[in-house]
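Undergrad: Each position in the sequence shown, counted from 1, maps to that position plus 8 in our numbering.
Think of the hints as simulated: they come from the structure by calculation, not from any bench. Note that the coordinates shown come from a computational prediction; the quantities given were computed from them, not determined experimentally. Treat the hints loosely; a few may be bogus.
Label pairs and their calculated CB-CB ranges [what the hints assert, rightly or not]:
#1 D151 with Q205: 34 to 40 Å
#2 D152 with T75: 30 to 36 Å
#3 A78 with W128: 17 to 23 Å
#4 D148 with A78: 33 to 39 Å
#5 E70 with N132: 18 to 24 Å
#6 K102 with Y123: 28 to 34 Å
#7 G160 with E116: 16 to 22 Å
#8 V94 with V202: 30 to 36 Å
Backbone N, C-alpha and C fix where the C-beta goes; we use that ideal spot for every residue, glycine too.
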Amino acid sequence: MKSALRRIFGSTYIKVAFGGVVAACGIVAGVYIGFALTGTPSYTLNLDDPSLVRAPEPKPPEDYFPTFEAGDLFPWAEYQDELGAVGTFEDLLKGQRSVLLFVHPGCEPCHELLYRWSAWSGMNLAPDIQVVLCVGLALDEADDDTRAMIDGYQSVFVDRTALRESYNLKVWPTTICVDEYGLITALQVGFRGVFSQEIARNLR
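Make a model of the complete structure from these sequences and hints.
TA: This is the structure we're talking about:
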């Protein structure tokens, strides 16, 4: 009798343990679902599962991060404005605190970021901060979807390939805060439904 009970409870324990492992794998898979233009995850939260909203944020692999970090001078790369004029970030960022939102119209998490941003910034953004959408397209590639995405924002068009090759900026979206001297104060790679504490702190 005792032997039979042990077999039953032992079998039940194994099933429960196995179920726990499967559930854990499902949660991890959900957290890591996302979209990056490189074909790799962008650490975007699976928003279909509300239970994951408070899940610990996974740390992206080191090679997902740009070669610059907080404390570095933001690269003086070139861009095109909406009229086709060429400028540099050195001039754009000079003398003004800024937040740069690197987005692409074909990136679903980028749309999610902008949706969240419109609600969050209205209540939290300091009035002296310049907001710039950095669109990963050539100006002549911009279509109606792109125009709809950038409507209402100060926007510039950047060379996605050059940013990846020169600075390893390859995960979209990426959010970067810069102070009035052009120094990076916070950086968030990807988007999982919320802005990081560092980003929020630097935008108030």
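Undergrad: Now tell me if each hint is right for this structure.
TA: Structure-based check of each hint:
1. D151 with Q205: 34 to 40 Å: Cβ of D151 to Cβ of Q205: about 36 Å, so the range 34 to 40 Å holds.
2. D152 with T75: 30 to 36 Å: holds, 34 Å
3. A78 with W128: 17 to 23 Å: holds, 20 Å
4. D148 with A78: 33 to 39 Å: holds, 34 Å
5. E70 with N132: 18 to 24 Å: violated, 30 Å
6. K102 with Y123: 28 to 34 Å: holds, 30 Å
7. G160 with E116: 16 to 22 Å: holds, 20 Å
8. V94 with V202: 30 to 36 Å: holds, 35 Å
Hint compliance for this structure: hint 5 is the single one not met.
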